[in-house]
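Q: Given next are the chains, with one letter for each unit.
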Amino acid sequence: MAPPKTRRPGFSRRAQYGLFFGYVVAVGGVLLALLLLFLAVSDRLGFTGLRGAALDLTAPVSAGGRSAVRFVTGGGELVTGYFGAAARNRELTRQLSAIQHRLIEARAIELENRQLKRMLKLNSAATDAITTARVVSSSFDSSRRLATIDAGRRKGVEVGQPVRAPEGLIGRIIETGLFASRVLLVTDGANNVPVRLVRDGTPALATGRGDGTIELKPLEVGKNPFKRGDILVTSGVGGIYPPGVPVAIVVSVNRDDTVARPLADPSRIDFAIVQNIYEPAANQPLVTAPAQAPPPAVEAPQ
Amino acid sequence: MRIALTTSDVRRVQFWRRYLPILSTVFACSLGLLPIVVSSPVVPDFAFLVLLAWRLLRPEMWSATTPLLLGFFNDLLAGHPVGQSMALWTITFIALDMVDSRVVWRDYWMDWLFASLAIISYTFADWYIGRLMGSVSEFAVMLPQLVASVLAYPIIARLVLILDRWRLGQ
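Protein chains in written order, with the working numbering: chain A, 17 to 318; chain B, -2 to 167.
Treat the hints as calculated values from the structure; they're not laboratory data.
Accuracy of the hints is not assured; some may be wrong.
Across the chosen pairs, the derived CB separations fall in these ranges [said to hold, decoys possible]:
1. A:Gly44 to B:Glu135: 27 to 37 Å
2. B:Leu156 to A:Gln111: 42 to 52 Å
3. A:Ala145 to B:Val39: 26 to 36 Å
4. A:Tyr98 to B:Arg15: 52 to 62 Å
5. B:Thr4 to A:Arg284: 52 to 62 Å
6. A:Leu51 to B:Ala137: 29 to 39 Å
7. A:Gly65 to B:Leu54: 34 to 44 Å
8. A:Gly238 to B:Val39: 30 to 40 Å
9. A:Gly172 to B:Trp163: 41 to 51 Å
10. B:Phe12 to A:Gly260: 54 to 64 Å
Examples of chain A residues toward chain B, derived with CB under 10 Å [stated by the list, open to error]:
11. Gly38
12. Tyr39
13. Leu51
14. Ala70
15. Ser154
16. Asp157
17. Thr203
18. Asp204
19. Thr229
20. Ser283
Calculated cross-link-like contacts (lysine to any residue; reagent style SDA-like; alpha-carbon spacing at most 20 Å) [stated by the list, open to error]:
21. A:Lys171 to A:Leu194
22. A:Lys233 to B:Glu135
23. A:Lys233 to B:Val133
24. A:Lys171 to A:Gly65
25. A:Lys243 to A:Leu221
26. A:Lys233 to B:Gly131
27. A:Lys233 to A:Gly260
28. A:Lys171 to A:Pro296
29. A:Lys133 to A:Glu295
In this text, a Cβ means the ideal position worked out from N, Cα and C, and glycines have one as well.
Sequences are here, hints too, so could you generate the full structure?
A: Pasting the structure below:
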């Protein structure tokens, strides 16, 4: 291809100045953009209103198409489900009978737990649902793992609130519009969830790896406590996430890194439940928090 | 071009000539609204690819502020921190201007090479800004997307070429 001729403005002074001025504007624009980027990175609250409005405008578009996508993928599952029906039925019947025994045990334990908590006078903070919403889209072309849900400030959604599905934890709210909000998924590298092993209560920190998996770091130094197939639930430490929400299942264990898969796959869940922050003081700035919050209650021994 | 055009026809033709590159980039930005929920970055950033293809095809038609405004729009839509695409897209344009003034003869492979370099640095910057925002992840996570973007560029460039022919051939 021959070189484009128009880049060289020739001998016209006016054209030369025009080109030069164009570069001045471009460099100025880059500086402005870098400044905005710096503001966004350093406090993350710049443009909240504008970004909320953009969310509001775009979420309905995604929501409309989402049902179509769900219909198509659901159709595939229907067909495969048909062929595996008999085997699946047998398997499920067997599981059901096993689970019913466990359910009775669990009810008894729950009752006992409630009594014990009453004896300890632990105030169980409000963990009721604020609203339910649908996951309508997610970031797919950047290293961040963010999803959009179709509920916003109108329904009482606020920044910091935990989002879960019946299957497990999805993440927490980082941006809100009037009708839509953005969720930081548990698989994002910026999301650290305090968890504990269901099996023996070992505390750990679950950090996203950005590729749909979660890395687990035990809080105690020593032998790697995780085994393949272990299930982790939130511990309630930190005050954002309520305790006891399933988070992930361990899929591979090496000497010092453990990889888990989130139990709630955002691409398959139907509804997300937005909950209150477990301990509201956890979301306050550090200066004001101690003034109004009583010393945090000691975690109940499990 | 036909000689006899009504005023409204002229206006329509001029509109598409002028705004088709911008509108197609805006359309590519809004591909991010597709109701796809994925758990790892695998899909190329179409907005950047389309803009890059337009820039390499028609270096002369861009003003300095166009990538800035388009980047602002993309930041808002894609949920990047405001300023990310603004800065990266404008820097890419300036860098390509410098390349244009050095490299005199260009062909298809050279274009792909420059596009690949731009895509690699863009992806790296995206990952690094994500890291600054607190999302600590390995760069290896971005590799599938990087490869997909580099391989998708010729296809996008072909589509942009078709659009360009339609734009000028009305």
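Q: Each of the hints needs a verdict: does it hold here or not?
A: Status of each hint after checking the structure:
1. A:Gly44 to B:Glu135: 27 to 37 Å: Cβ of Gly44 (chain A) to Cβ of Glu135 (chain B): about 35 Å, so the range 27 to 37 Å holds.
2. B:Leu156 to A:Gln111: 42 to 52 Å: Holds, since Leu156 (chain B) and Gln111 (chain A) (Cβ atoms, about 50 Å apart) stay within the stated range.
3. A:Ala145 to B:Val39: 26 to 36 Å: 32 Å, holds
4. A:Tyr98 to B:Arg15: 52 to 62 Å: 54 Å, holds
5. B:Thr4 to A:Arg284: 52 to 62 Å: 55 Å, holds
6. A:Leu51 to B:Ala137: 29 to 39 Å: 31 Å, holds
7. A:Gly65 to B:Leu54: 34 to 44 Å: 37 Å, holds
8. A:Gly238 to B:Val39: 30 to 40 Å: 37 Å, holds
9. A:Gly172 to B:Trp163: 41 to 51 Å: Given range 41 to 51 Å: holds, Cβ gap about 49 Å.
10. B:Phe12 to A:Gly260: 54 to 64 Å: With Cβ atoms ~59 Å apart, the hint holds.
11. Gly38: Hint holds; Gly38 (chain A) Cβ to chain B Cβ min 4 Å, cut 10 Å.
12. Tyr39: Since the shortest Cβ distance to chain B is 7 Å, the answer is holds.
13. Leu51: Nearest chain B Cβ about 7 Å off; hint holds.
14. Ala70: Since chain B brings a Cβ to about 4 Å from Ala70 (chain A), closer than 10 Å, the hint holds.
15. Ser154: 4 Å, holds
16. Asp157: Nearest chain B Cβ about 4 Å off; hint holds.
17. Thr203: 6 Å, holds
18. Asp204: Given a least distance of 5 Å, the restraint on Asp204 (chain A) holds.
19. Thr229: With a minimum Cβ separation of about 8 Å from chain B (threshold 10 Å), the hint on Thr229 (chain A) holds.
20. Ser283: Because about 4 Å separates Ser283 (chain A) from the closest Cβ in chain B, which is inside the 10 Å limit, the hint holds.
21. A:Lys171 to A:Leu194: With a Cα-Cα distance of about 8 Å, the restraint between Lys171 (chain A) and Leu194 (chain A) holds, given a limit of 20 Å.
22. A:Lys233 to B:Glu135: 16 Å, holds
23. A:Lys233 to B:Val133: Between Lys233 (chain A) and Val133 (chain B) the Cα gap is close to 14 Å, so the pair holds against 20 Å.
24. A:Lys171 to A:Gly65: 17 Å, holds
25. A:Lys243 to A:Leu221: Holds, because 16 Å separates the two Cα atoms, which is no more than 20 Å.
26. A:Lys233 to B:Gly131: Within the cut-off at roughly 17 Å; holds.
27. A:Lys233 to A:Gly260: 18 Å, holds
28. A:Lys171 to A:Pro296: OK: Lys171 (chain A) and Pro296 (chain A) at ~18 Å, within 20 Å.
29. A:Lys133 to A:Glu295: Given that 20 Å is the threshold and the Cα spacing comes to 17 Å, the pair holds.
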